[in-house]
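Asks: First to last, the protein sequences are chains A and B. Residue 1013 in this note's numbering sits at position 29 of the first sequence, with consecutive numbering throughout. Residue 1099 in this note's numbering sits at position 46 of the second sequence, with consecutive numbering throughout.
It should be emphasised that the hints constitute simulated quantities derived from the structure, not laboratory data. Any given hint might turn out to be false.
[Claimed, not checked] Derived lysine-lysine pairs resembling DSS-like cross-links, with alpha carbons at most 25 Å apart:
(1) B:K1114 with B:K1240
(2) B:K1095 with A:K987
(3) B:K1322 with B:K1240
(4) B:K1114 with B:K1201
(5) A:K986 with B:K1201
(6) B:K1114 with B:K1242
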Amino acid sequence: MKKIPLSLTVNGDPVEALVEPRTLLIHFLREQLDLTGAHIGCDTTHCGACTVDLDGRSVKSCTLFAVQAEGAAIRTIEGLAAADGTLHPLQEGFREMHGLQCGFCTPGMIMRAYRLLQEIPNPSEDEIRAGIAGNLCRCTGYQNIVRAIAFAAARLNGENLEEAAA
Amino acid sequence: MIPGPFAYHRPQSLAEAVALFAAHPEDGRALAGGHSLIPMMKLRLATPEHLIDLGGIAALKGIRREGETWVIGATTTQAALIGHEALPAGLPIIGETARQIADPQIRYCGTLGGNVANGDPGNDMPALMMCLDAVYHLAGAKGERRVKARDFYLGAYVTALAAGEILTAIQIPAAPPGHGHAYEKLKRKIGDYATAAAAVMLTLEAGRIATCAIGLTNLAPTPLLAEAAAAMLIGETPDERAFAAAARAVEAIVAPTADGRGPVEYRTKMAGVMTRRALARAVARIGA
């Protein structure tokens, strides 16, 4: 099938590419852009390991075609730390609160939490749990993930998360 | 998993989309949120030759009041229903139901139109639309027509939508002041389809039930409107005895299949339980 042109912004950088219409966004990110932070876990829209931020929404990139992202602004886990390597408060939170064990779900968890904290800057524990209901972790039992997100919320309180990530 | 190849179209207007569907009535499929269709395409259970993405058509998005109704564009997402500035106050059962669909990421993508149009008996919105007596606006090469949700569902994945037609909007009567509502859904985990679910809208007058509608999800090949159960409640005092009688009437009309959610007998009983709980919660909300 003929490839079609695609232009979008990924982690602040303009990207021009040719894609087959059937190319899933996760395959485009991982295989064409070498952004392997977002993971393919279940490949069935359940686990959330492939979560990226697309135009202000958390999306499961295994269930979108890359062509649907025409003109969109995407942020992946690779675009979260500052240019000098300073970790984003969410990344710091996951480290400080032991929010990961094997780490496979972590990029998706963090990108989901990134959007959650912009919608609810000071979430309750229940709001955090509801907010990450589309992300599965098979190691931690979630306790420390919830603590990590609460840590980041406290650290970010009063700050603009988009600016903090830029 | 990688879907089969297809030609991708992204019309910018409804007229352009209608023309595309007219050109591909049998081998064209509408792509809205994609969270039912793309998983099917990845499994190669759906292999459309032409995928017509409705995401670029601004006229299909948005929520507005039109007289005594709400008109919701077909590609309005579940997240937009939940986050709208007026709908949650005017018709709170929409957001209550949307919140019980899938998970946050899926609600950012999944649309009301996709949920009601694809005919999956597991989807939550069809039974609610039947309960609310919504009207679907359909557009095709022969023009526009309107079909009531109560007449739309013909079988599992079989609807009144003709080949080449698109659902453009869902029109829902505004809720009467002082109404009570509830959507009660039993599911095994986040993201699951209902083991059984019931939507209830009712009003009271002088302590008795004046109007009542009950919709049921995933308990038959189509969503169900429990007309007999609702009719027997009219004029009754809203108490456990009346709710139990309505629950029995619901159990008499459901036809669930045995699956991972439980055997037929269990799912039938749960249909009654969800109905009782939805009725009780709807009445309690009027009191609140």
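Asks: Would you mind marking each hint as holding or not holding in the structure?
Replies: Here is what the structure says about each hint:
Restraint check for B:K1114 and B:K1240: not satisfied, since their Cα atoms lie roughly 30 Å apart, outside the 25 Å limit. A threshold of 25 Å between alpha carbons decides the hint, and for B:K1095 with A:K987 the separation of about 19 Å falls inside it, so the pair holds. At most 25 Å may separate the alpha-carbon atoms for a hinted pair to count; B:K1322 and B:K1240 meet this at roughly 14 Å. Under the criterion of a C-alpha separation no larger than 25 Å, the hint pairing B:K1114 with B:K1201 is consistent with the structure, at around 20 Å.
With a C-alpha separation of about 41 Å, the suggested pairing of A:K986 with B:K1201 is violated against the 25 Å cut-off. Using a Cα cut-off of 25 Å, the hinted pair B:K1114 and B:K1242 is violated, with the two alpha carbons roughly 30 Å apart.
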